[in-house]
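Since chain L is already given, all that's left is putting chain Y on it; use the hints.
Number of protein chains: 2
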Amino acid sequence: MTDDSFHVFDTTLRDGAQREGINLRVTDKLAIAKLLDEFGVGFIEGGWPGANPKDTEFFERARTELDLRHAQLTAFGATRRAGVAAAEDPQVAALRDSGAPVVTLVAKSDDRHVELALRTSLDENIAMIADTVAHLRDSGQRVFLDCEHFFDGYLHNPAYATRVVSAAAEAGADVVVLCDTNGGMLPDDITRIVGEVAQATGARLGMHAQDDSGCAVANTLAAVNAGATHVQCTANGYGERVGNANLFAVVPALVLKRDMDVLPEGCLREMTRVSQAIAEIVNIAPSTHQPYVGVSAFAHKAGLHASAIKIDPDLYQHTDPALVGNDMRMLVSDMAGRASIELKARELGFDLSNDRDLVGRMVERVKDLELAGYSFEAADASLELLLREELGEPVRYFDVESWRAIVEHHSDNSHLSEATVKLHVKGERVIASAEGNGPVNALDRALRSAMEGVYTALANVHLSDYKVRILEGSSGTAAITRVLIDFTDGHSDWTTVGVGENVIEASWIALQQAITYGLLRQGYPSLQA
Amino acid sequence: MTDDSFHVFDTTLRDGAQREGINLRVTDKLAIAKLLDEFGVGFIEGGWPGANPKDTEFFERARTELDLRHAQLTAFGATRRAGVAAAEDPQVAALRDSGAPVVTLVAKSDDRHVELALRTSLDENIAMIADTVAHLRDSGQRVFLDCEHFFDGYLHNPAYATRVVSAAAEAGADVVVLCDTNGGMLPDDITRIVGEVAQATGARLGMHAQDDSGCAVANTLAAVNAGATHVQCTANGYGERVGNANLFAVVPALVLKRDMDVLPEGCLREMTRVSQAIAEIVNIAPSTHQPYVGVSAFAHKAGLHASAIKIDPDLYQHTDPALVGNDMRMLVSDMAGRASIELKARELGFDLSNDRDLVGRMVERVKDLELAGYSFEAADASLELLLREELGEPVRYFDVESWRAIVEHHSDNSHLSEATVKLHVKGERVIASAEGNGPVNALDRALRSAMEGVYTALANVHLSDYKVRILEGSSGTAAITRVLIDFTDGHSDWTTVGVGENVIEASWIALQQAITYGLLRQGYPSLQA
Chain L
1 MTDDSFHVFD TTLRDGAQRE GINLRVTDKL AIAKLLDEFG VGFIEGGWPG
51 ANPKDTEFFE RARTELDLRH AQLTAFGATR RAGVAAAEDP QVAALRDSGA
101 PVVTLVAKSD DRHVELALRT SLDENIAMIA DTVAHLRDSG QRVFLDCEHF
151 FDGYLHNPAY ATRVVSAAAE AGADVVVLCD TNGGMLPDDI TRIVGEVAQA
201 TGARLGMHAQ DDSGCAVANT LAAVNAGATH VQCTANGYGE RVGNANLFAV
251 VPALVLKRDM DVLPEGCLRE MTRVSQAIAE IVNIAPSTHQ PYVGVSAFAH
301 KAGLHASAIK IDPDLYQHTD PALVGNDMRM LVSDMAGRAS IELKARELGF
351 DLSNDRDLVG RMVERVKDLE LAGYSFEAAD ASLELLLREE LGEPVRYFDV
401 ESWRAIVEHH SDNSHLSEAT VKLHVKGERV IASAEGNGPV NALDRALRSA
451 MEGVYTALAN VHLSDYKVRI LEGSSGTAAI TRVLIDFTDG HSDWTTVGVG
501 ENVIEASWIA LQQAITYGLL RQGYPSLQA
Chain Y
1 MTDDSFHVFD TTLRDGAQRE GINLRVTDKL AIAKLLDEFG VGFIEGGWPG
51 ANPKDTEFFE RARTELDLRH AQLTAFGATR RAGVAAAEDP QVAALRDSGA
101 PVVTLVAKSD DRHVELALRT SLDENIAMIA DTVAHLRDSG QRVFLDCEHF
151 FDGYLHNPAY ATRVVSAAAE AGADVVVLCD TNGGMLPDDI TRIVGEVAQA
201 TGARLGMHAQ DDSGCAVANT LAAVNAGATH VQCTANGYGE RVGNANLFAV
251 VPALVLKRDM DVLPEGCLRE MTRVSQAIAE IVNIAPSTHQ PYVGVSAFAH
301 KAGLHASAIK IDPDLYQHTD PALVGNDMRM LVSDMAGRAS IELKARELGF
351 DLSNDRDLVG RMVERVKDLE LAGYSFEAAD ASLELLLREE LGEPVRYFDV
401 ESWRAIVEHH SDNSHLSEAT VKLHVKGERV IASAEGNGPV NALDRALRSA
451 MEGVYTALAN VHLSDYKVRI LEGSSGTAAI TRVLIDFTDG HSDWTTVGVG
501 ENVIEASWIA LQQAITYGLL RQGYPSLQA
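So the sequences go chain by chain: L and Y.
In terms of the UniProt record's numbering, the first sequence is residues 1 to 529.
In terms of the UniProt record's numbering, the second sequence is residues 1 to 529.
Be aware that a few hints might be false.
With the C-beta cut set under 10 angstroms, the calculated list includes, among others, these residues of chain Y facing chain L [unchecked claim]:
| hint | residue |
| --- | --- |
| 1 | R112 |
| 2 | G237 |
| 3 | R258 |
| 4 | R329 |
| 5 | S402 |
To be clear, the hints were calculated from the coordinates, so they are not data collected in a lab.
In this text, a Cβ means the ideal position worked out from N, Cα and C, and glycines have one as well.
Here chain L stands alone, though its shape is the one from the complex (with noise of 0.2 angstroms):
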């Protein structure tokens, strides 16, 4: 376990959130907490209670649906309004009242945009500062202050700024956080400043990065090395225009290349899958050459290094992979993936390490589906049906003759989606339709209309996700459409892969090889061909 003298502290369903593209809904917001916590980030900013319905909502479910292990939760939010008492903003009250241990406040400490953009005084904003940390510390709850624009007001007037660090320390905050807002500042001038204000002031000094000159992380770094303790990061480097300083790696920096036991034991090596099912839950494609998490992190070209690689792999990679939960990989070379699809093969139970022909076979067929728009990384489900096909042993459950979809709009504004499937189940030609709150959830209910009576087991299992993503064709080809659906049978998941050039089509291929899987994992046998 980590203690209380140094803070990673998590913003990404703050700040994160505001990056362009990002849209999170409140069940996105509790599942993206529920892997930071697994992470194990030490506070998760959840977002300001009172500002929108989403965040009040967020905070009310947490109470009773977020088991937090390792975070505590945090709200964030505005110093009281001028000229009004802080017991009295209902902004102030929202924060509160939120049920969260730890409020995170935002402040001014850029003269220029205290008289600009705030339109009060310079004295007015001291005392909205050390009012309202003063109030939330006697209602109980602990207070950090984000000093928004510091590096920029301190460039401007250092003794303002400093002046409002000083406020936040003497009413009360226990970290008093150096936002670089517009992201311009370069680590020489981090390490100088937050120099400077700690000796100052003596406060305890967070530090809060933007990228918008490529240098959050190294910022971020830089101000722990001039004595911060406290840094405040995002999932992904996910954030406002260009992003904020990356958790995934600011964390691993301090842990692996400056020992400092900033996370509980373990957690590190959660860091690549955390990374990669938070981006599932944005929608954002995982960047393949993220530092750390991405595909291409611990890539190496095979040719003038591969041989030392073989001898001694530390001698051409900064960190061990494993220690993050990712892997080497060998890309280019026909043996690289041989040996994945043997590992792959493992995995799933089958040993190949005997049968050359057939993974050569495997490789050369998932070369060809990846090359048409297929990706099996996540489709473990219909890797494993392909396999199965490769070795002789094709999984089949039902031929299908024929399918349709229908979707209509009617004149009362009231739409009604409907599919008919055409099947010959264990000899037995069926034709089954059904109604569904789209085409694909259609074709789901005939397909199980269909086959219920032969394989009653396929009411345990249903879809828990679905997810398209449009590959873009080069200029003039169609675009292709990639489905993933997730199933379940309240025991384990599974997921399936179907591409083609429009999404019901695409989704449909999926949905079959989902059905089929599910009828495996129920243990029923396979219709001979």
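Using the frame of chain L, we list chain Y on its own:
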């Protein structure tokens, strides 16, 4: 013009090309070299002549086809083999005869790599460096020497790593480049080691940083702070594994934040264009969140900021985007307040500053719609249609009675997508059907078929991109589908958004708006309510 006192050295064509997924043809390399020259770099490393036919051809064609205004072409290669005179090593001869005025030699500087990978003695490695540098110098070429794995080597055996630097400088290398080949260093390591090496050797030093710790830009700047006067970077940070120091982050930091005159006059303004053009050539989608040049780099979302941005944009941006050829953009989101709606409206050509009620109503509608899954950040056209509706000038060219889309998979494995729409266009009821390569394409065609007699200019607008995002699919609730559709009339582009429980319904909403907006752009007057 810049002089020789500081080198901006680009290695996109050599080290950048090692990025997973990049595969450059000779014409691509020539086109990228031309763009890098327009950006004003001093040196363009073109590849390794003699090592592969593509690079050899590149140097041959460059002699006649490349007319560089600012840059010198440099050839990359290795020191002579052990036990062979430099003049008699064919690899060295290829460098000498390449026609390149400058050669960058790579050499081992980590004693472990000399022994394990090169399999020669430490003394022979020094001789290989000295001989090869002297031979190329004597042949009239300028020589830079890359010390591979320098920092890891220095930490392991500082005396030997330092000896390599001195040997190269004494043999006549103009610059000795310290390479963080594994990319694991942090800026404070770089500052210390570069300073120590500069003091110990007196050599002119350069820096080559890989980005495995997410600190390549900062590491390059740290080396400059410690005395390096030559920086090796790649366009957009392309490179092996995570990538190299990003040219388009290192150069603007030096120019804009450290007042170093490292680019020819006027070149920095080309940066965004050059970055995007190179991304097009290598066929990697430009990173929207890249510092300085990304479309999101100066995009503002938070409602909190928007009111003050109107007063003084420089308070909210780390540099003027025009200096790097980029633009500020305002985004509309559920966090946005009144000021961002006003600013957005002004961008779209409406002055709302005197209509507080209207702005309030728009903020409420946008908030409600975003809660339901809409996102207007990218969908300017949908936002404009919404705004016109609130202004009492709704845009309408047709009324929809009903529509239907059918997707069929036949027993011969063929697919059919067919749609029927029933519309009222200028008082007439029209029924039209069409087939397509998918249901959305079929709906698009049916809509056009129903209206093209009345709105002939509809032929000028067409769908150019289509994106689907599933917003929630867990815990039994229906998933919400968000569809973004891009349309173009060949001169300009617009985006609309649709949301619904099923993908066809969501697509229909976006499609209908995209066509409505297209007709507006083509100058048709809206029908009266």
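Now the hints, each set against the structure:
1. This hint holds: R112/Y has a C-beta 6 angstroms from the nearest C-beta of chain L, less than the 10 angstroms allowed.
2. The criterion of a C-beta within 10 angstroms of any C-beta in chain L is met by G237/Y, whose closest approach is roughly 8 angstroms, and the hint holds.
3. Annotation: R258/Y was flagged as interfacial toward chain L, and the flag holds, the nearest CB pair being 8 angstroms apart, inside 10 angstroms.
4. The restraint placing R329/Y at the interface with chain L holds, with a minimum CB-CB distance near 9 angstroms, inside the 10 angstroms limit.
5. Annotation: S402/Y was flagged as interfacial toward chain L, and the flag holds, the nearest CB pair being 5 angstroms apart, inside 10 angstroms.
Hint compliance for this structure: every hint is met.
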